[in-house]
Structures are given as C-alpha cells and as structure tokens.
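Now for the letters of each chain:
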Amino acid sequence: MPQTRAIDAITALQNGFEQGGYICDVEIATTVYLARELEKPVLVEGPPGVGKTELARATAELLELPLIRLQCYEGLDEGKALYEWKYGKQLLYTQILREKLGEVLEGTRGLDEAMERLHQYDDSFFSERFLEPRPLLRALRASNGSVLLIDEVDKSDHEFEAFLLEILSDYQISVPEIGTIGAVTRPLVFLTSNNQREIGEALRRRCLHLHIDFPDPGLERRIVQSRVSGISDTLRNQLVNFIHAVRDMELRKLPAVSETIDWARTLVLLHADKLDAELVRQTLSVILKHQDDIALVSRELPKLLNQVRTG
Amino acid sequence: MEATLADFIRVLRSAGVRVSVSETIDAYESIRRIGVSHRTLLKNALGATLAKTGDERELFDGCFERFFSHQQLKDDADETAPDPESTGQTASPPGQGGGGSGGSGGGSPSPDNLSPLAQQLLEERGAQLQADIAAAGQRVGSQRIVSFVQRGRFTRAIADALGLRELDADIARLDAGDEGDRELAARLERRRGAWMERVRDHVERQIALFADPEDRRMMRERLPRLKLSHIDRRHYAEMQELVHRMARRLASLHARKRKAARRGQLDIRRTLRTGLAYDGVPFQPSWRRVKKDKPRIMALCDVSGSVASVSRFLLMFLYSVNDVLPRVRSFAFSDSLGEITELFRELPLDQAVLAAQQRHGDRSSDYGRSLRDFEDLCLGEIDQRTTVIILGDARSNYGDPGIDSLRRVHQRARRVLWLNPEARVQWGYGDSEMPLLATACHQVRVCNTLKHLEQLVQDLMRSTG
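Protein sequences appear in the order of chains W and B.
Residue numbers for the first sequence follow the numbering used here, so the first one is 2 and each next one is one higher.
Residue numbers for the second sequence follow the numbering used here, so the first one is 89 and each next one is one higher.
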C-alpha cells in the first residue's frame, strides 16, 4: 500500500533529520517529503532564528546533496543570481584571436562578405564557455541534483521575485543568447522569508507553504539536548521554561531557538547546573539583543524565575 | 474522495483562503501519496499545499477541524460519493412503500414489509444512518445552502429522500393495528424523533460550514461599490481589510515599475568612460538605467462631520499605500488645518485615523482659513513634482472659500485634484463653492466609493510614473 510507505518515508526523514542534529516535528518532515514527491519548492516562513535556513542545510546533509545558497538582498539581479557573460574573457579572446580572425576573413571581399563569414563563428562567443554560472544556474546544472536555498527572498525586489517564477515552476531558465536551459536533475528548492515584505501571490502559489514557529517546550528540550552536550536535566528544563516565559512577554525581539542553544552553551561553559538570578542577569545579553528588552526582563526576573522553578 | 476534496476547497474558498486550480491538483496528488488514514499527516499535507500564508493557515486549521469532524474521507476503494448501497436503498422506498401499503389491506403488517428506513431504525444502525444522511444531503445539494432560512427546506428534502413519507405511512398503519403493532409504532415514533434530530443537526452543520462565509463573500463583493457614507459601522473591519488588500495590490503593481530597464540598452558614454582606464577597451559595459521618480503627494482631508465617513477611508487608504507612495504628507482640516503625517508614522492605522479625526474634526469646515493654513505651512515646498489632493464637499458655510490661496497652490503644483464625495448634480447648490474652486483645480471628480479611491491612486501612479 503506497500510503503506509509514505508514512514510513516521513518517519524515516524525521529520524534522519534527528540523527543529523536537526530535531523537527512531523509537519516539517511531511512537507519535505511532499516537496520531493511533487517536485515543488518549499516556502518556509516563520520568525527569525527558528531554523529555516538550517532546514535546508539539514536536508542537503541528509540527502547527501550539495547545498547551493543564494542570499537575497535589495538590488539582487539575474546577473548575480543566474548567470553573467564573461565580458572580459570574451574581449580577451577577440584580442588574442585577432590573427586567427585575419585568417578566417582572408579572401573575403568587401564588408558584407566579411560579416557573412564572421556570422558563422559568432555562436562560439556566446556559448556556455563564456557563461559564468551563478547559484541558480549551478543548481540547474548539478547532475546529481542539489538543494537550492534561496534565503530571505523577501529582501529581494519585486522584479527578482517575478523572475524566479520560471525556475520555480518549470525548473528552467531562458538565456536570450542561448535559449532555454532546463534542469539536469530537478533541485529541491527552499525559499525562506521573514515576512519583511509581502511575498507575491504568484510565487506563493508555486510553492508548498511551511510555517515554522517557535517549538513547544518538549521539542525545544530535545533540541537543546541534541545540540548541547553535557547539560544537566535540571538546567535544561529550567532554561527552556525560562525562554518560553520570556517569549510570552512583549519584547522587541523574541529569543530564537539559536539563541536558546547559545545560552545553553554559555551556561554549560560557566559550569552552571541550575538557573539563579545573578547568573541570568549576567548572561541575559546572549538571548536578548535590545537594551530595552534586557531592562524589561531584568525587572521581571524574580517573578520569571519563580515561575520557572515551580512550572 | 475528489468530491469531498472539492467540497473542502469550496469551504476554504468561502472562508477567504484563495485556492487555485494548480493548488487543488497538488492537494490531490499529495492525498494520493499520503492517504487519508493518518489524520495529522493529511492535515499537514493539505495545509502545505492549500494554505499559503500564516493567516490562511489559521483559517485552514479552523475549516479543517469543522469540516472533517463529521465528514469522513472515504479511501480510494469506495471513491464515489454516494455509495451504491445507499442509493439503492433510497431509490427503492417508493416502490416498496407502495407495496407495503397495498399489503396492509390484508393481515397485520409484520416488520418484514416495513419500509427500509423503518427497518434501519429498528435495527439501530447509527453509523449507517449517519452516512445515509450525509449521502442524501449531498444528493439534494445541502452544500449549496446559502442561508439559515433554507434550513427547513433542506431538512425536509433530506428526510424525504431517505423515505420519511414511507416511514410515516408505516407508523400510521401500525398504529391502527393490534397491541404488538401499536407498540412497534410507538418505538418507531421515538426513533423517528431521534432520527429527525440527526437530519436537522446535519443541516445545521452544513449551514455553519457553507452559509455564513457565503454571506461574507457577498458582502466583500458589494462593499467596494457601496457608497462610503452608507457603510455600516460593523463593516469597518471588513472595509479596512479590503482597503488594505487594494493598497497591497497597487503596491505590488507599481513597485515593479519603479526601477525599469536595468539590462539591455548600453550606456555608451559611461562604458567609454570606464573603458579609458583599460586603454580604451570597453571591458566593463554599463547599462542604461531608468529611475522613476515617485510622486510627491500632499493630501488634504476635510474631517468635518459632513464628510467624515468618506475622509476616514481616504485616510485609511493613504495610510495603506505608504509603501508605494512613501512621500505622502497628509493634512486634516475642518475649521483650521494641521499636519498628521507624523501621526500616521507613529500610530497604528485605526488609532491614527481616530486621532486625526479627534484632533481636527467635529467642527464646521472653514475652507478659507484651512487653505490659508496650508499655504503658510508648505507653499514653499510645493514644486512641479507635487500633486495636491483635496478631499472635501466644498461647502464653506457661506464663508470665504479660499480661492486665492488655492490659486497660488495651483500655480506651483504639478496637479491639484479635488475629490468631492457629493454627486455632481449637487455642486453649486446651497453653500457649495465647487464651481468656483474648480477653476483653480486641474481636475475635480466625484469620489464616494472604494472603487473611486482605487482608481484615483492608479491614475496618480500612471501620471507620475
């Protein structure tokens, strides 16, 4: 029965991720499974620091595929994302081949005839040899498949987003001088977004949508467990509870999973085995990145710690 | 299974999740792979393929819980919605029922010649009854229910389709019979009550699923065309969402045009200039770039009582299009004028609009003074790139209409646009100074629906873009 196979495959994915140090819930595994089955890109959204980028890396590791990463920013254009002609090389070649050109053009009379002769060769100057592949083209040409990560797509411009559509739906790109280049093996594409700007409807439609939120305490405990060695159970539980209590507060920037891990590592380095007020106050800057937030949490510290110890 | 999925997608759509055909196909494909036996997986898979934003995901979760709480997805094995068994049963009652009543002339009716529904009721096959109700509901089209007033009709239709008439006939017949028959009749009567309750429940659920959102969708289609002053307060939230959506659409439409032609045309002068460094060999070609200037807009909103409802939406709109038109300066006036740009920057939308109305509204409008204020405040900053938009009914309460100030603004600005929420026929009557003020405007237009507002911004972008 295909359906039980699917469930097995999803469980296998989840376990695989876990062995690679990426703890995730079944929803993430399901989406990655579907992305591979349906050959669809995945648009990953969620607050910063919940492991959106990490998911792509973990997937690449698990599937043993190269990870090709394209970081988006305002002003990114296809010259940097897709391909560029090696102008310098083209010019250099024409300079060096000047003598050869003389040979080629030997015996032609008049400009028209010389042009005609030259036309037979102009393809060689706009061939793939002079094409400088950028991440997107590299992903399409990877013969064994690849994991393509288009990071923070919300930071790119609208026109770049529109330009991505062709790649995302047909896994091909059009280079005017050469024609259409299709994917050798379809890459597994992840797009991440922090919702800095509304992503267009057209782009969303072409992707599977995955929203990763802050993990629940149980999951986060497991994440800390797998990423930070030598942490005591008490400290781990208190730490995760503390982070969750902090996330319920009105802060400018909530502590992310990566910051939980950093904090746990810091505390382990300091040989702590439980949270106390002094320790937290000193290391608060690891999880909070705004002075206002730190001040706010410091004020609430006794209450939070109480809550953590009892809860 | 396709039918159920299609129904579910209809529910999603009417709840406000936009589902395209390609997404439907994806959803179908993923169900085919994952199956329907595992509920969490099914939910995740459908969620990933159908809901494409966080908001949509929330809607989706709600719909999923409501829809699949009673609707059991059938696996591929019995794929078609009304399974043959129940169709056979429901198709037969007329014939059998007729036979039963014909036979009643003879001996007393035994349980054998009762209608199939009566037999089912006696056997208490709850799950089967429920499934039959759902199937019958699908046949009579209960998912097309649009309003609660149709409740009675659909309940009746489903009950009839399952053979209520025959059941009633049976009960009546048994009731006239001997002791045992009467007891049977009483039992049937009780079961009938419980069963009708089930049918009613089913219809109620269908209403909850399909009817209410349908209503909302109708509202959403009608609102943009409705006069802004006629919009009920309870629809403000809905309106706000519409305004926001429209603004977003405009934003994405025009943001794309801002930087055009990055590639293609060679900028010969710059190429040669950079080439000088390489002995005149043009190593680095540069391309022509076209940079489009964003329009500068100054918007003046009359927030006095007479036009408050319309200006509210203009303010809302201006607030929302900030993405496309970041250099909008907004002013509000009634008897005097004040700038509210800062207010907009700092406060969230509702509060900003409210604060603007509180600070400057609630007095009768004085156009003379307000326009003079405007002139004092920023005549120096108006240049040939500035578009001035004024929203007001131009009713100055027989005071100074401020035509001189407006003339001076008109001379310096690229465009002066007057939006009047009153219909054209009312201009110039009573204290309306529209005809006079119109001489100092490049354009005057009626603006009293959301559609008008949208057109306005579209035109602004086109003329300046």
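Hints may contain errors.
[Said to hold, decoys possible] Facing chain B, according to a computed beta carbon distance under 7 Å, are these residues of chain W, among others: (1) A7; (2) T12; (3) E28; (4) T32; (5) L39; (6) L166; (7) L169; (8) H210.
The hints are simulated quantities; they were obtained by calculation from the structure and are not laboratory data.
Quick reminder that beta carbons are idealized off the backbone N, C-alpha and C, glycines included.
Here is how each hint holds up against the structure:
{"no.": "1", "hint": "A7", "verdict": "holds (5 Å)"}
{"no.": "2", "hint": "T12", "verdict": "violated (10 Å)"}
{"no.": "3", "hint": "E28", "verdict": "holds (4 Å)"}
{"no.": "4", "hint": "T32", "verdict": "holds (5 Å)"}
{"no.": "5", "hint": "L39", "verdict": "holds (6 Å)"}
{"no.": "6", "hint": "L166", "verdict": "violated (12 Å)"}
{"no.": "7", "hint": "L169", "verdict": "violated (12 Å)"}
{"no.": "8", "hint": "H210", "verdict": "holds (5 Å)"}
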